[in-house]
Amino acid sequence: MHADAQHNLYNTPQSSPLDIQFPPSIDHEHKNGTEIVVSSSSPSPRLCDCTRFRPPVSDVLLLDVPRIAANRALRHGRGRPAEPEERRLPDPPLLPRLLRQCIPKIDWFSFGDELRSINYSVCVCLQGCDGSILLDSTAAFASEKFALPNNNSARGFELVDAIKARVEAICPATVSCADVLALSTQEGVALLGGPTWTVELGRRDSRAAFQTAANKEIPSPFDDLKELVALFRAKGLDARDMTALSGAHTIGQAQCFTYAPRIHEDRNIDGGFAARLRRTCPANGRGGARAPLDSRTPYRFDNAFYQELVAKRGLLHSDQELFNGGSQDKLVRRYSTDAAAFERDFAAAMVKMGALLPRPGTKGEIRRKCNRIN
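full-length UniProt numbering puts the first residue of the sequence shown at 1, with every later residue one more than the last.
Some hints here could point you the wrong way.
Have a look at the derived ranges for each label pair, beta carbon to beta carbon [as the list claims (entries may be wrong)]: (1) A208 x D266: 47 to 55 Å; (2) R276 x P172: 45 to 53 Å; (3) A348 x V310: 16 to 24 Å.
Hints were generated in silico from the structure; no laboratory data involved. Cβ coordinates follow ideal geometry from the N, Cα and C atoms, glycine included.
Could you put the whole structure together from the sequences, leaning on the hints where they help?
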């Protein structure tokens with residue numbers, strides 16, 4: 001993925017920090033058990049020079065990572081893989097080389113949904129994809145982490161912080177937290193068996209958080225179809241985009257209070273499914289119970305979420321609204337039987353969502369630490 005082939009989301013000067021070069025200089029790099037081997041012909045003491053982003057075509061990475069085995073095992077329905085494997089790959093198709101070098105070996109089963117939920121939340125918020133959700137509260141603003149739709153739901157912040165720290169150690173003030181977030185989300189989805197898409201680069205990080213906007217503009221688990229369509233349309237995303245993006249709920253979990261009204265009050269729900277969930281989630285929504293948004297394949301990014309909707313086993317009221325005698329029924333039914341159609345539409349919608357811009361005149365920065373402004 002070359003920056004000179006990407007659309008730059010911001011009008012940045014020619015000396016933009018997004019100009020990165022990755023010289024063919026790495027022989028072996030061991031990071032938390034992950035081995036990276038790059039074919040090399042010229043020595044260099046640094047992992048990268050922050051001047052121009054043009055990876056040599058001849059470079060090859062050798063990755064010793066559980067995620068390759070994980071992907072293969074998941075696609076064949078075998079759950080978590082037992083052993084990692086080595087595999088030679090061409091220039092990384094999912095991430096710029098810098099991020100590949102800096103991502104530690106982690107449990108993608110735990111964090112894939114967290115990366116997705118953070119990216120989803122930030123991108124549908126007022127400011128576009130600007131990393132505002134990563135900021136902690138200050139005297140000047142309240143963090144979006146504690147907005148009602150995000151509190152105890154959008155997680156994985158420490159993972160983004162860890163990746164950013166490693167990026168900063170290599171190329172300071174070069175890659176924004178917003179870009180790290182967008183790229184890591186794509187990687188997490190792909191490594192859980194989902195599609196890939198082109199991630200446009202050049203975002204700047206916001207200098208403030210917008211909790212009030214997050215409370216108003218992030219879809220609620222209690223919304224009906226009309227409200228959902230209106231929220232997405234206000235951001236330039238149509239009903240098809242909304243239905244495809246909702247398929248990200250094939251991974252992740254929800255807290256009891258978000259689905260208590262659904263399992264105790266809704267009529268369009270499978271009886272056995274509701275009864276099982278009511279055992280641990282009371283009508284008042286209290287307690288620490290959680291349930292997977294997709295109970296069929298909670299650790300696999302696939303089209304099972306739509307199969308659950310057709311079977312009236314959507315966990316959230318807002319999810320089941322996509323298949324409840326309304327305008328999206330036909331599309332949901334198609335996605336439930338055509339995984340390729342879902343993946344194509346999901347990838348296309350992610351590209352559209354990733355291009356959401358901050359309001360005109362908004363100035364950003366490249367944060368050194370994702371949880372606070374410089």
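Check the structure against each numbered hint from earlier and tell me which ones fail, lowest number first. 1
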